[in-house]
Every structure is written in structure tokens, then in C-alpha cells.
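> Following the hints, complete the assembly by docking chain H onto the known chain P.
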Amino acid sequence: MTVVKHTDADTRSSRAPSAPATSRRRIVIALLGLLVVVLAALSVSVGAYTLTPSDLVLTLIGQGSGSDNVIVFRLRLPRVVLGILAGAAFAIAGALFQTILRNDLASPDIIGISGGASVSAATAILVFGASGAIVSLSAFAGALVVAAAIYLLSWRDGVSGYRFVLIGVGVAFLIQSALGYLLTRGEVKEVSQALVWMVGGVGGAKWPDIAVLAGTLVVLLPLVAALAPRLRVLQLGDDTAGGLGVPVEATRLALVGIAVALCATATAFVGPIAFVAFVSAPIARRVVRDGSLALVPSALVGAALVVAADFLAQHALPGELQVPAGILTGVLGAPYLLWLLATTNKGDRSA
Amino acid sequence: MSRERLQGAEPAHTLEADGLSLAYDGREVIGDLDLTIPDGDVTVIVGANACGKSTLLRGIARLLRPSAGIVRLDDRQISTYPAKEFARVVGILPQSPIAPDGITVADLVGRGRHPHQGLFRSWSSADGAIVADAMAATSTTELAGRRVGELSGGQRQRVWVAMALAQDTDILLLDEPTTFLDVTHQIELLDLLAELNHTRKKTIVMVLHDLNLAARYAHHLVVMAHGEVVATGAPADVLTPELVQRAFGLESHIIPDPVCGTPMVIPIGRFHRPAPISY
Numbered sequence: 001m002t003v004v005k006h007t008d009a010d011t012r013s014s015r016a017p018s019a020p021a022t023s024r025r026r027i028v029i030a031l032l033g034l035l036v037v038v039l040a041a042l043s044v045s046v047g048a049y050t051l052t053p054s055d056l057v058l059t060l061i062g063q064g065s066g067s068d069n070v071i072v073f074r075l076r077l078p079r080v081v082l083g084i085l086a087g088a089a090f091a092i093a094g095a096l097f098q099t100i101l102r103n104d105l106a107s108p109d110i111i112g113i114s115g116g117a118s119v120s121a122a123t124a125i126l127v128f129g130a131s132g133a134i135v136s137l138s139a140f141a142g143a144l145v146v147a148a149a150i151y152l153l154s155w156r157d158g159v160s161g162y163r164f165v166l167i168g169v170g171v172a173f174l175i176q177s178a179l180g181y182l183l184t185r186g187e188v189k190e191v192s193q194a195l196v197w198m199v200g201g202v203g204g205a206k207w208p209d210i211a212v213l214a215g216t217l218v219v220l221l222p223l224v225a226a227l228a229p230r231l232r233v234l235q236l237g238d239d240t241a242g243g244l245g246v247p248v249e250a251t252r253l254a255l256v257g258i259a260v261a262l263c264a265t266a267t268a269f270v271g272p273i274a275f276v277a278f279v280s281a282p283i284a285r286r287v288v289r290d291g292s293l294a295l296v297p298s299a300l301v302g303a304a305l306v307v308a309a310d311f312l313a314q315h316a317l318p319g320e321l322q323v324p325a326g327i328l329t330g331v332l333g334a335p336y337l338l339w340l341l342a343t344t345n346k347g348d349r350s351a
Numbered sequence: 001m002s003r004e005r006l007q008g009a010e011p012a013h014t015l016e017a018d019g020l021s022l023a024y025d026g027r028e029v030i031g032d033l034d035l036t037i038p039d040g041d042v043t044v045i046v047g048a049n050a051c052g053k054s055t056l057l058r059g060i061a062r063l064l065r066p067s068a069g070i071v072r073l074d075d076r077q078i079s080t081y082p083a084k085e086f087a088r089v090v091g092i093l094p095q096s097p098i099a100p101d102g103i104t105v106a107d108l109v110g111r112g113r114h115p116h117q118g119l120f121r122s123w124s125s126a127d128g129a130i131v132a133d134a135m136a137a138t139s140t141t142e143l144a145g146r147r148v149g150e151l152s153g154g155q156r157q158r159v160w161v162a163m164a165l166a167q168d169t170d171i172l173l174l175d176e177p178t179t180f181l182d183v184t185h186q187i188e189l190l191d192l193l194a195e196l197n198h199t200r201k202k203t204i205v206m207v208l209h210d211l212n213l214a215a216r217y218a219h220h221l222v223v224m225a226h227g228e229v230v231a232t233g234a235p236a237d238v239l240t241p242e243l244v245q246r247a248f249g250l251e252s253h254i255i256p257d258p259v260c261g262t263p264m265v266i267p268i269g270r271f272h273r274p275a276p277i278s279y
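Chains as they are written, first to last, in UniProt numbering: chain P, 1 to 351; chain H, 1 to 279.
Worth flagging that the hints you see were computed from the coordinates, not collected in a lab.
Positions of the beta carbon are idealized from the N, C-alpha and C atoms, including for glycine.
Treat the hints loosely; a few may be bogus.
Claimed, not checked - To give a feel for the contact side, a few chain H residues facing chain P, derived at Cβ under 7 Å: (1) L63; (2) P100; (3) I103.
To be verified - If we take Cβ atoms under 7 Å as the criterion, some of the chain H residues that face chain P in the derived model are: (4) D25; (5) I98; (6) A126.
What the hints assert, rightly or not - Computed beta-carbon distance windows for the label pairs: (7) Q176(P) to G26(H): 27 to 37 Å; (8) S124(H) to R24(P): 21 to 31 Å; (9) H272(H) to G158(P): 44 to 54 Å; (10) D74(H) to I27(P): 44 to 54 Å; (11) Y162(P) to E85(H): 27 to 37 Å; (12) G26(H) to L34(P): 48 to 58 Å; (13) A68(H) to R185(P): 36 to 46 Å; (14) A250(P) to A50(H): 29 to 39 Å; (15) D74(H) to P247(P): 16 to 26 Å; (16) R26(P) to R146(H): 19 to 29 Å; (17) P241(H) to S160(P): 39 to 49 Å; (18) R185(P) to Y24(H): 38 to 48 Å; (19) R72(H) to S160(P): 55 to 65 Å.
Next comes chain P alone, as it looks inside the complex (with noise of 0.2 Å):
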């Protein structure tokens, strides 16, 4: 009997962890994939000019008209691309925030680091009259800085994700007072400009900004992919890792780096969007729920939830209301936090 359990055994396991997607993470996958690509057809054939699908595929394939090839390639296409790709990043870079630090909350838009973004964005508009690339710079920098900070004032002995999230949210209420004076001291029409660009969209896409968000991403991408095997086994705690030869603190800062890479990349194009580094990961994960790092649904529902947010702002708010895409995001997660903060600790997931 013993043997026919130890066949039956071998080919069970040996075929269970060989395969990196379980098929419910692929069903998943493909869902989430096709939902991304319904949403973008969506929000590139509606609005004041509407494009039927068949409008919509020739013009894709190079066959439209010069009116339909406007508005599709130089308005519409633009905002999409731009929201799959920076709602993609932030949500990877949240997913890898809060694996490498084990805590949901320790997302970069909850500790400071987009707000970092925002205030160094705001200085440039406010205090140095800039616009454009060097917002966008800004922004970049910012965000590195705020991470840089929050990094060196959590280390002891090496970083711990509950010091560093708290920390993060102490530099997060320090930037807020920053924000405030800045935007008090502020001109009105440079204040109203800063404004949007906190709260963040996608209005503003082009061509060359969406090129250098997908080059970032072709770059890092690949190295978040050769890092995931550690990542996986981080997962288990950082004595468990370092006993199964992972350089612990050091696969931690590479990963922190890129990610922040992300974010701030992501943030200096479309602005802080609200929430969506926060609740992408945990939404994928819930749906999969198989212990994996699932960085591949949270990108997408990280994509869908931008794409989604876009569309809804244009489109679907009453009295011809136009926001940007953050308002949206904003009013999505922020019930969400406030759900995490009510159920933290109830139920222990350590084993």
C-alpha cells in the first residue's frame, strides 16, 4: 500500500511545483488580459465621436480614415497606452513593496514616496514656474530622494517592514505640511496647475513620454523577473530565505530600487494616480490566492483599474464632468485602506 501511495505521490508532486502557473492563475491571467483589452477598445472608440468596432479595427491595421486615424493615434490611443503602462508599473512596484516588506499598507503611495513625487512636482510649478519634462523630472527625483530617506532612517541592522511603513507614513504627514505651504504661498493659476497634476491622469499622453515609460519598463521588467525566484523566497521569512541562500538585505535594496524606479518613472508621466500601487496586488492576489507572487495579474488589474478610472472620468460622470483619473482611483481606495486598517491582525497569516 505504501508503494502504490509513493507512486501516486511522485507523479502528483513532482508535477505540482514544476509548473510555475497553477491553471486557476492562468484563467486568471487570461480574464484579467481580456478585460484590459475590452476596457482600451472601449475607451478608444467612445466618446464625442464614437467608432464602431469595425471603424476601429481598420483603423488599427493602418486602413481608417484621416479623421478616425486622429483621433484614434493622436487623442485616444495615447491616454490608453500611457494608463496600461503606468498603472502596470505602479502596480508592480506596489506588489513589490509590499512582498519585500510583508505588509500591505507598505505600498509607495501610502509611505510617502508618491508624495515625494507630488512635492517636488509642486515646487518646480510653484516656486521655479517650470512645466513639461521638467515636471516630470522633478517628480522622478523626488521620489528617489523620499525613498532614499525613508530606506537609510528605517535601517538597523537591516530594515524591517513595520519600521519602514511607519516611518514611510511619518514622511508621508511631513510632506503633506510641505504640499500645504507650498500650495498656499502658490499663485492661483499656477496652484490650480499643480493641483491636477497631483491628482493625477492620463490627459496629457504622448507619443515620446509613452516611449520612455515602456523603455523603462523593457529594462527593469526583466530584472524584477530574475529577481521573483528569491522574492518567492523571501515570502517565508527573512531567516528562512537567508537559510536557503538568498543575500537577504541586498536582494531587498535591489528590489526596493526597482521598484521605486517604477513608481517614480510612472508618477512623473501621469502624476501620483491614487491607490493604484495599493490595491492592485492585493486584489490579484485575492482572486488567485495561491501564494504566488502574482506580479503578472496585478499588472493587469493595475492596467484595467487606470484604463477603467480614465474612462469613467470622461465619460460617465453626469453634467459633462471631466476629472482626471485619480479623483476616480481616489474614491475606489480609498475605502479600500480603511477596510485593511479595520481588518489588520484579525486573522494571523504567519503559520
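Using the frame of chain P, we list chain H on its own:
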């Protein structure tokens, strides 16, 4: 491989600490400690709370950098090993490992193969066979598809041991593996570890709280107090009322364990004075 070593074909491992000091945040927990782990034996580290047992284990496992002194594996300082190479010889099951939400038993055990995999050497059928073997040895095969979070404490601890076994190291360190287990599951787990030591010739080093279980399962006992080793050797040679007094500050009688003859510590305490009977 283990059979070859039985015949003396494969060189034994040596693991030793020399003048080892370990500190957290500059606060020294262990100072100038010498220790040799006997190859192929079960070594149990005991001592009062906060005496530095877990810290010592972390130091040996390379999880904590010494503030002074060195730890050597096979006559080579452990900090000079590439991380994965060390992790193919020495494995550790820490006190509270984390099971990611929703992870299955097979997936968790499979992650123990990490030190044997690389960027260009991912999952192989050999990995699958070793994982299946680790699960069979720990009787977790039937749990393969279950979620770790849904298991009982005893099952969960067997799954973690399976993960450590999948790492396939000759030396296995365990930090209080029986904590949170009821007495039945404690014995079950210790039996499993004794069996792994016996049949697979694994060198086992573990921290235990229960002196009597330590005396029963250890070939080699390491007694610690205040960051120092106060006694080492076979439990029968080491455990005396004087030592228990010195290491734990506890008055006790020591009698032979009626089941296996190993020393058994009977604590006295303030309210129960020993009756004048002879054993």
C-alpha cells in the same frame, strides 16, 4: 550518497565556532564561545530563556554576522562561502517561518529547492523527485494539494520540516521546532528527526525547551547560560542537579527516565519539598 558515507567513503562535515561573539544592535548576546558540532549526531542546545540559544543557532546558520570570532564549515570560514553553496550543506528551520496566503503544501516544500536552482537551471525532474521524497519522509504526501493555512499545527510543522528536507542538506538546524505543538505532536516530530538522523545520517542541531525530551533525543547536549556554553557532552554525563541549578537556577532531582534510561530532570520548586523516599 548516505550509504557511501556510512562506509566512510564521503568525508564527514565539520562545523565549529571559535571565539564566537554575536550581538544585536551592538548589545552582545554571546561572547567568546567555542563549540564543535559532532558530525552525524543529534545535538540539542538547551538553556534558560534569553541565554542566547537561538542567537547561537542563527550565528552558525550564517544569519547573523559575528561581532568577533569565526564559524567554520569544513575548515572554511562560513562567511566566505557563496550563499547558495553554504545553503546546499547547512539548512535551517527558523522559529516562525511565514506561509504566504493561499500557498499549497507542494509549492511550499518545492521552494526548499532554491539553493539548487539558478538563473539558467530552473525546476528539473530531480527537484520533483527530491520534493516527493521529502514529503513522503514527513508523511505530508497526502497533503500536497492542501493550503498550508488550513492545516493543523502538527501538520504544518511537518510541512516545514519537509521544506527543510527538500533543501537536501547534510546538516539541519532547527530553532525550537516543537513550540506550539501538543505533547503527541512534539514526540511525533522528534521521532521524525531522530529517524532522519538515523536513516539518512543527517547531522541535526536543534534548540529545545524541554530538558527531558532533550536528554532523550540528543546524542550530544549543549547547555547554555548567559551567552556561554556551561557544559557539553552526552546527556547522561552532563545533566546533574548542580548543572541544572547553574544553568536554570532550578533545584531538581535527576532520575533515570523509566522508558529509556536517559537522565530525567524532576524540578522541585518552592511548594513541593521532596518526600523522604528512596528511588
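> Of the numbered hints stated previously, which ones are contradicted by the structure, given in increasing order?
6, 13, 19
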